[in-house]
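K.L.:
If you read the protein sequences in the order shown, they are chains A and B.
So in my numbering, the last spot in the first sequence is 147, and the numbers never skip.
So in my numbering, the last spot in the second sequence is 1438, and the numbers never skip.
Quick caveat, the hints were computed from the structure, so don't treat them as lab data.
Be a bit skeptical, because a hint or two may be false.
[Unchecked claim] SDA-like mimics (lysine to any residue), calculated; alpha carbons at most 25 angstroms apart, straight line:
no.	chain 1	residue 1	chain 2	residue 2
1	A	K2	A	T69
2	A	K54	B	G1418
3	A	K18	B	G1371
[Stated by the list, open to error] Residues of chain B clear of chain A, computed beta-carbon distances all greater than 10 angstroms:
no.	residue
4	K1073
5	P1313
6	R1320
7	R1327
8	P1383
9	L1393
10	R1420
Cβ coordinates follow ideal geometry from the N, Cα and C atoms, glycine included.
The lines below spell out each chain.
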Amino acid sequence: MKLRQLSLFLENRPGQLKLPCQVLGKAGIDILTMSLADTQQFGILRLVVKEEEKARRALEAAGCVVNVTEVLAAEVPDRAGGLADVLEAFDRCGLSVEYMYPLTSGHHAKTAVLLFRVEDPDRAAPLLRERGVHILTREEAFRSVGA
Amino acid sequence: MKSHDAPRFHPASAPDYVPVPQLRSLQLERLKRIVRRAFDRVKLFRHRMEERKLVPDDVRALEDLGRLPFTVKTDLRDTYPFGLFASPMDEVVRLHASSGTTGKPTVVAYTQSDLEVWTEAMVRSLAACGLHRGDVVQNAYGYGLFTGGLGAHYGAEALGATVIPISGGNTERQIMVLQDFGVTAICCTPSYFLHLMERGRELGADFSKLRAGIFGAEPWSEAMRRRIEADTGVTAYDIYGLSEIIGPGVGIECFAQSGLHIFEDHFYPEIIDPQSGEVLPDGAEGELVLTTLSKDAMPMIRYRTRDVTAIVPEPCACGRSIRRIRRIARRSDDMFIIRGVNVFPSQVETALLAVEGTLPHYQIVLTREKGLDEMEVKVEVTPEVFSDQVRALEGLQRKLEQALDHTLGIRARVTLVGPRTLQRSEGKAKRVLDQRQI
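Based on the provided sequences and hints, a complete structural model is requested.
P.N.:
Here it is, written out as structure tokens:
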């Protein structure tokens, strides 16, 4: 029901984003999705891969600071207002979204899958399910991106 | 399991406990001899004595030392290479030299008997922090012209410990040896030790046998000691020394870890006002001045160390009669002035450590923008403080800036940098990068 996301600290200078990608490439690890938060000074790269432990070890061995957090994968209907409806459910559960980014968009499917970072995913998942939000299992989430 | 908290008495430590009156009379006797020797054999010293209309016989009491001229670092450079030697070369059995950051290095010399004094001081140092026969000592001080390596080496060997002369550098090999050889004590700089531990953790190394660290050759704070001890379970002892006096082993902490005992039967300490040169009473803070009482090849009379400390007048819990100095957190020439405020790197370190979870890998960068001094403190991000949320990291940055502002009274910009991006020296940490064009 939860996905483990890897976050990396990046300094804000040329070449910083490439390094972790090369490390994962060499380790034969496919990046399923990613998002980059940036400030004037530094950035945080968030990644989802299938083999988190192997990825974490490879990145740490290359000198990266890696943080593992859990995110929820929620299905969002691919129609006008679909995301607003899902966020309405978050609101009603009293959950605040720290950040979110897509795992799959709905080009060929009727739904998109978005990853949500909330404070307490274990508490949030059943609440959201009660409100009719489809929270994907780990396997379902990976399958949705064909991994 | 041997304990470092209740060290066995080592016979070599006997001079540490000599009753004070006996110690003072020994010091006076040695002082008279060494002043005579320097006067007779070192031109610069004789010349300075004559300028002051002083002769060796004017030294009748220890207090008379205060009338003698100082020796400073530049005297060694000005008389490069051998101008301050008091022994002919056929009696000099060893030379060491300091890395001269500007120009020529400073050269120091030892006779056979000087080396014996040095080894004795190092044995007493290691014994004071509870090391003994059976300990396995990894000596990661650099071997070579630097006095750290050989000084610690011969001391640990004479103590009867098993010495691993690994020297500095090659971190991966250090970690392998530390683990596989069952090392119980390590000698290196505190900043290099942190680097070793950090790398060791990444490699999953087991350092459970390591109990004591003999750390020196750079100033480090009490906060850093607490961090090292909490993180690693190693008891961290501060050792003091300088090549001009003899090398490591001028002084060290005992198990009480409350100031450094100076082996003052060989190295006589005074505290002076660095401006006026006036001798200050015990307890007052000032510059440490040392006189070698038993070194023949290169006697140092009233050498100005530039290290800021105070003599601790109270007796130590360990019962040693030799006096202590407070830990040296700063050197008078480490200080930099920014926007009119005097700042020591150790103050920055204390401020950073006050913010929970920050490992002390940092560098201070001074720049001048449009005529205004700017201070930037680069702090490495560690797994403990790193978060996937921007606002958590920005919060950390702000907390660090506030702690600096609070401690120093000036604004500094904190920049979070990636792990291991700041330069790790194998020896002394380069904490301040002054890029101001003045």
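K.L.:
Now look at each hint and say whether the structure bears it out.
P.N.:
Hints, verified against the model:
At most 25 angstroms may separate the alpha-carbon atoms for a hinted pair to count; K2 (chain A) and T69 (chain A) meet this at roughly 10 angstroms. For the suggested pair K54 (chain A) and G1418 (chain B), the alpha carbons sit about 21 angstroms apart, so the restraint of at most 25 angstroms is met. As the CA atoms of K18 (chain A) and G1371 (chain B) are separated by approximately 37 angstroms, the hinted pair breaks the 25 angstroms bound. With a closest Cβ-Cβ approach of about 38 angstroms to chain A, K1073 (chain B) is found to remain outside the 10 angstroms limit, as its non-interface label requires.
At roughly 47 angstroms from the closest C-beta of chain A, the C-beta of P1313 (chain B) stays outside 10 angstroms, upholding its exclusion from the interface. Remark: the non-interface label on R1320 (chain B) is consistent with the geometry, its nearest Cβ contact in chain A lying 45 angstroms away (cut-off 10 angstroms). No beta-carbon of chain A comes within 10 angstroms of the beta-carbon of R1327 (chain B); the shortest separation is about 32 angstroms. Taking the minimum C-beta to C-beta distance to chain A, about 5 angstroms, the non-interface status of P1383 (chain B) is violated against the 10 angstroms cut.
Once the 10 angstroms rule is applied to beta carbons, L1393 (chain B) is inconsistent with being away from chain A; the minimum gap is 7 angstroms. Distance check on R1420 (chain B): its Cβ comes as close as 5 angstroms (rounded) to a Cβ of chain A, failing to clear the 10 angstroms threshold; non-interface status is violated.
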